[in-house]
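Participant: Residue-level listing of the chains:
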Amino acid sequence: MKTRLILIAYAVISLLGLMMLLSRENVYVVLALIIGFVLLGHRELWPLIRYRRLPVIDERVKNNLTSAMRLTGVFFFIASIVLILMMRFNVFQDTPTALIISGQLVIIGIVYVVTYHYYDRARPNLGERATRWLKICLITAGLSLSTIALAIVLHNLISAWFGFEDAFFFILGLLVAPAVLAASLLGSLVIFIKGLGASFRGVEQV
Amino acid sequence: MKNRMKEYRARLSLTQEKLAEIVGVRRETIIYLEKGNYNPSLKLAYTIARALEASIEDIFILDDE
Chain A
944 MKTRLILIAY AVISLLGLMM LLSRENVYVV LALIIGFVLL GHRELWPLIR
994 YRRLPVIDER VKNNLTSAMR LTGVFFFIAS IVLILMMRFN VFQDTPTALI
1044 ISGQLVIIGI VYVVTYHYYD RARPNLGERA TRWLKICLIT AGLSLSTIAL
1094 AIVLHNLISA WFGFEDAFFF ILGLLVAPAV LAASLLGSLV IFIKGLGASF
1144 RGVEQV
Chain B
975 MKNRMKEYRA RLSLTQEKLA EIVGVRRETI IYLEKGNYNP SLKLAYTIAR
1025 ALEASIEDIF ILDDE
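Chains as they are written, first to last, in our numbering: chain A, 944 to 1149; chain B, 975 to 1039.
Incorrect hints may have been included.
With a Cα cut of at most 16 Å, we get these calculated EDC-like pairs of lysine to aspartate or glutamate [stated by the list, open to error]:
(1) B/Lys992 / B/Glu1002
(2) B/Lys1009 / B/Asp1037
(3) B/Lys1017 / A/Glu1002
(4) A/Lys1137 / A/Glu1071
(5) B/Lys1009 / B/Glu981
(6) A/Lys1005 / B/Glu1002
(7) B/Lys992 / B/Glu1027
(8) B/Lys1017 / A/Glu1071
Because the hints were derived from the structure by calculation, they are not lab data.
Chain A with its partners taken away, still in its complex shape:
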C-alpha cells in the first residue's frame, strides 16, 4: 500500500514536471524522460494497461530497485568527480556545459536501467572468486578516486608552501590514479558482464 502511494505520488509529480517542461518548450527533455520511464517501467505498464492493476512489488523488485539506486549513486559520485576534473583541465574545450551534463545524465540513466534489469541476473552467477575480484576492483576504484583528490590537494599545497612545482603528486593524481581507476572500473564491468553472460547461457557460476 505504501509503495503504491509512493508510485502514485511519483506519477503525479512526474506529470506536473512534464507539463512544466512542455510549457517551457523543452521537448527533448520530455522525450528523454518518457523513454527512460518506458524502459524502467515496461514490466509495470503492460499489466496496468491490460488488467488495470499494478503488479506486486515483491522482494526481488525491491532488491533490484535498492541495488540499482545504490550502484547508480556510486557511479554518479565517481562520474561527477571525473567530470569536474575533466572540466577543470579543459578537456572538453568549447563544448557547452549543458551538453556535457546531459551526456553524463544519459549515461547515468543507462547505468540505472541496466542494473535494475540485469543485476539480479548477474549477481547469483558470480562464484566466490569472481565476487572477491569484484570487491577488490570496487575497493581499488574507491581508493584510486580518493588518491586523485588527495594528490591534487597535496600537489597544490606543496607548490604553495615550498614554491616549486611538485612532480610526484602531479603524476600520481593525473596519470597513475586515473589509470588505476579506469582499469578497476573496467575490471568490475567485465566481471558483471561475465556473470550476466553466464545467466543467459545457463552456466551455474563463473
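Let chain A serve as the given structure and place chain B on it in line with the hints.
Facilitator: Just chain B now, with coordinates in the frame of chain A:
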C-alpha cells in the same frame, strides 16, 4: 542454491501465474526462482514451501549438499 520448485509445482498442477498469486510475488520472480537465478529470502522460501505443501529442505537444496 538448487531447487525443485518446478517439480513440486507440477505435482500440484499449478501454473507459474497461480503460484505467483498464492505466494504474492510476480510471475517473473517464479521464473527467476525456478531457473535458480534468484535466491529467495527465508520468508519467501518458507511461503513457497508452504504453498507447494512441502518443507523448505525438500524444495531448496544447497549446492554443497
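Participant: Evaluate each hint against the coordinates.
Facilitator: Hint-by-hint comparison with the structure:
1. Distance check on the hinted pair: B/Lys992 and B/Glu1002 sit about 12 Å apart at the alpha-carbon level, within 16 Å; holds.
2. The suggested pairing of B/Lys1009 with B/Asp1037 holds, with an alpha-carbon distance near 14 Å, which does not exceed 16 Å.
3. At most 16 Å may separate the alpha-carbon atoms for a hinted pair to count; B/Lys1017 and A/Glu1002 meet this at roughly 10 Å.
4. With a C-alpha separation of about 14 Å, the suggested pairing of A/Lys1137 with A/Glu1071 holds against the 16 Å cut-off.
5. Proposed proximity of B/Lys1009 and B/Glu981 is supported: the alpha carbons are some 12 Å apart, at most 16 Å.
6. The straight-line distance between the Cα atoms of A/Lys1005 and B/Glu1002 is roughly 14 Å, inside the 16 Å bound, and the hint therefore holds.
7. With a CA separation close to 14 Å, the supplied pair B/Lys992 and B/Glu1027 stays within the 16 Å bound.
8. Distance restraint check for B/Lys1017 and A/Glu1071: the Cα-Cα separation of roughly 25 Å exceeds the 16 Å cut-off, and the hinted pair is therefore not satisfied.
Of the hints listed earlier, the one the structure fails to meet is number 8.
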